[in-house]
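Generate coordinates for the entire structure from the input sequences, incorporating the hints supplied.
Protein sequence lines, in the order shown, are assigned to chains A and B.
According to the working numbering, the first sequence holds residues 1 to 358 in order.
According to the working numbering, the second sequence holds residues 1 to 258 in order.
Honestly, the hints are just simulated from the structure, not real lab data.
Here the structure is a predicted model, which means the values were calculated and not measured.
Among the clues, some could well be false.
If you want the footprint, here are the derived chain B segments under chain A, 3+ residues with CB under 8 Å [to be verified]:
#1 24-38
#2 92-98
No more than 25 Å apart at the CA atoms, straight line, and that leaves these computed lysine to aspartate or glutamate pairs for DMTMM-like [stated by the list, open to error]:
#3 B:K50 - A:D249
#4 B:K168 - B:D66
#5 A:K254 - B:E107
#6 A:K254 - A:E239
#7 B:K122 - A:E238
#8 B:K168 - B:E28
#9 A:K254 - A:E238
#10 A:K254 - B:E28
#11 B:K122 - A:E239
#12 B:K168 - A:E239
Glycine included, C-beta positions come from ideal geometry on N, C-alpha and C.
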Amino acid sequence: MATPTTPIPPPQAPLEIDAPAPRAGTARLMVLALANFWILFFLLALIVYFSITTPNHAFLSTTNFKNLALDTSEVILLGIGETFVIVTAGIDLSVGGILVFSGVAGGLVMLHFSGTSAQVDNLQYPHASTAIPLGIAVALAAGTGWGLLNGLLVTLLRLPPFIVTLGSLGMAFGGADLLTGGTNLSSVPTGFQNSLGNGTILGIYVPVIVALIAIVIAHVLLTQTRFGRYTAAIGSNEEGSRRSGVPVDLHLIKVYALTGFLCGLAGLIDLARFGTENISSHNTDNLNAIAAVVIGGTSLFGGVGTIIGTLVGAFIPTVLQNGFVINGIDPFWQEVLVGATIIIAVYIDQWRRRRTSK
Amino acid sequence: MSESPLLRATGIQKHFGSVVALRDANLELVAGEVHALVGDNGAGKSTFIKILSGVLQPDGGEVLIDGRAVTIHNPQAARELGIETVYQDLALAGHLDAASNLFLGRERMLPPPLGWMGFLDKRAMRRRTEEEMRHLKIGIKSVEQPVLSLSGGQRQAVAVARAVAWGKRIVIMDEPTAALGVRESLMVLQLIREIRSSGIGVIMISHNLPEIFEVADRISVMRLGQTVANFTKAETSMEAIVTMMTGAESQYLSTGSS
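Given below as structure tokens:
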């Protein structure tokens, strides 16, 4: 991008520093807007495509949309936490492990306190009303605890987040297996399943409502508060932020702890939806969460990112999967297409970065 | 020197292990003056200003501000004394806009209860930034565009504006024009004049002698960790400065490092 040459102003005149920023032509603006919103257009195009092509327009039904939202709610929660971490120029590979560990820990506490093992085996939970809140608290505390550990290791030991969270991923998965002895949990209290798992409020599944609330809070947190400002500043220039008086280490610990908390919440939803915690089905959660964030336009290099982008990014895989299943297309194609979408998304991000920084 | 100095540093020493970076650094900064610090590479200029901005702790010597002895434990303490530093490598967050950078680490919050919940008063910060930009006659199109998308000169201007906005008494600049083109350098020099006219003392490191003679009121020459000369601009010439900087160089060549 050539700097337009203008004559040097006389020293006394108020100085117009440099030329005004390069004037954006209409075409250029449209391209930039497209680069920012293409993923939303892509999602809308997929929805339209599947709505037309599925037999009897089954994709378009209310029930299907409700299920889509339900299936995406856990990834949304993980993706929100991952967005904050990636905006700080970090990465959290441990989200799936923390989700499972929290779900297992919460589930075990619920089972232990809701009745004798004989009663529980017969799906009787006499003390469910105290056991459920206790289990919820333990799951959230476990998630937050793992997040805190990640944050402390990243800041105090100055280890790369990639390594720290790769390590805690393994530890959390292993820890969950140790807690359960490698078997699935018994079925958790039905009251818990019916409220947080399959329960609905105004026709919307409770996990979806939880995810919606999390989205609104996270969006406000990232865009309107000092917490969000510090998150972006650290990702943009960590040393500069430190010299400016931003409590960098403390803030990073908070960000990883927040992510851990959201993993705990997702673990509870998982436990409630399926009545148990299936450890092996969460092996790729971290990749799905990162994919949602990256597809949503958050830069892996830190400094910029949006919660809304992550929301859209989280829906792409589930919409593809859902549409393919209804259309009878081999759902393995979903993985192929999601992979391609990630590559395109990162390419567009880099292209955009080259545009804005000369 | 009739005016009482804003800052007086005497006999500052600093060593890193067995390497002596500063053996006797001195500086007297008067309010409303631009004080240039010159010297060859390794003369100790950067170490000296790092001590004044709280990044490093001296091993000896004394720093007085308004005649009062102070200890500058860290950058935060320097800021509280009204000393702001513009670092050479532009300590701005590129993805944030000018207003966010100006207030980084010192955000203005909304009134309670929203402020307690961490909500930023973006409008107040934007307005204050625009005022500061106007005051310094910095013409950037919008204080809301990412600093990354500005030119090098505009970014430096934002960094300087931040220092001026908070540095009530002393602004330290480490080679403020080193990374800039001719036109942008002129702009930053003009900015330095603006700062001086508002009564702030400026300490400026530079390698560019013509530039120093254009903007500085006083020039200190450092060599091998020592302040070897201190001139007003009228008392000296570029030739004299160069001689002071390098005059004994051949004699010390093998030891001149820090």
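Evaluated hints:
With 0 residues carrying a beta carbon less than 8 Å from a beta carbon of chain A, the segment 24-38 of chain B misses the three-residue requirement, and the given coverage is violated. By the rule of at least three residues with a Cβ nearer than 8 Å to a Cβ of chain A, the coverage given for the segment 92-98 of chain B holds, with 5 such residues. As the CA atoms of K50 (chain B) and D249 (chain A) are separated by approximately 22 Å, the hinted pair is consistent with the 25 Å bound. Among the hinted pairs, K168 (chain B) with D66 (chain B) is consistent with the structure: their alpha-carbon atoms are about 13 Å apart, no more than 25 Å.
For the hint pairing K254 (chain A) with E107 (chain B), the CA-to-CA distance comes to about 18 Å; that is within 25 Å, so the pair holds. About 18 Å separates the Cα atoms of K254 (chain A) and E239 (chain A), which keeps this hinted pair within 25 Å; it holds. Taken as a hint, the K122 (chain B) and E238 (chain A) pair is honoured in the structure, with Cα atoms around 22 Å apart against an allowance of 25 Å. Simply put, K168 (chain B) and E28 (chain B) have alpha-carbon atoms about 17 Å apart, close enough for the 25 Å limit, and the pair holds.
Between K254 (chain A) and E238 (chain A) the alpha-carbon distance is near 15 Å, which keeps this suggested pair within the 25 Å criterion. About 44 Å separates the Cα atoms of K254 (chain A) and E28 (chain B), which puts this hinted pair outside 25 Å; it is violated. Restraint check for K122 (chain B) and E239 (chain A): satisfied, since their Cα atoms lie roughly 24 Å apart, inside the 25 Å limit. For the suggested pair K168 (chain B) and E239 (chain A), the alpha carbons sit about 24 Å apart, so the restraint of at most 25 Å is met.
When held up to the earlier numbered hints, the structure conflicts with 1 and 10 and fits the remainder.
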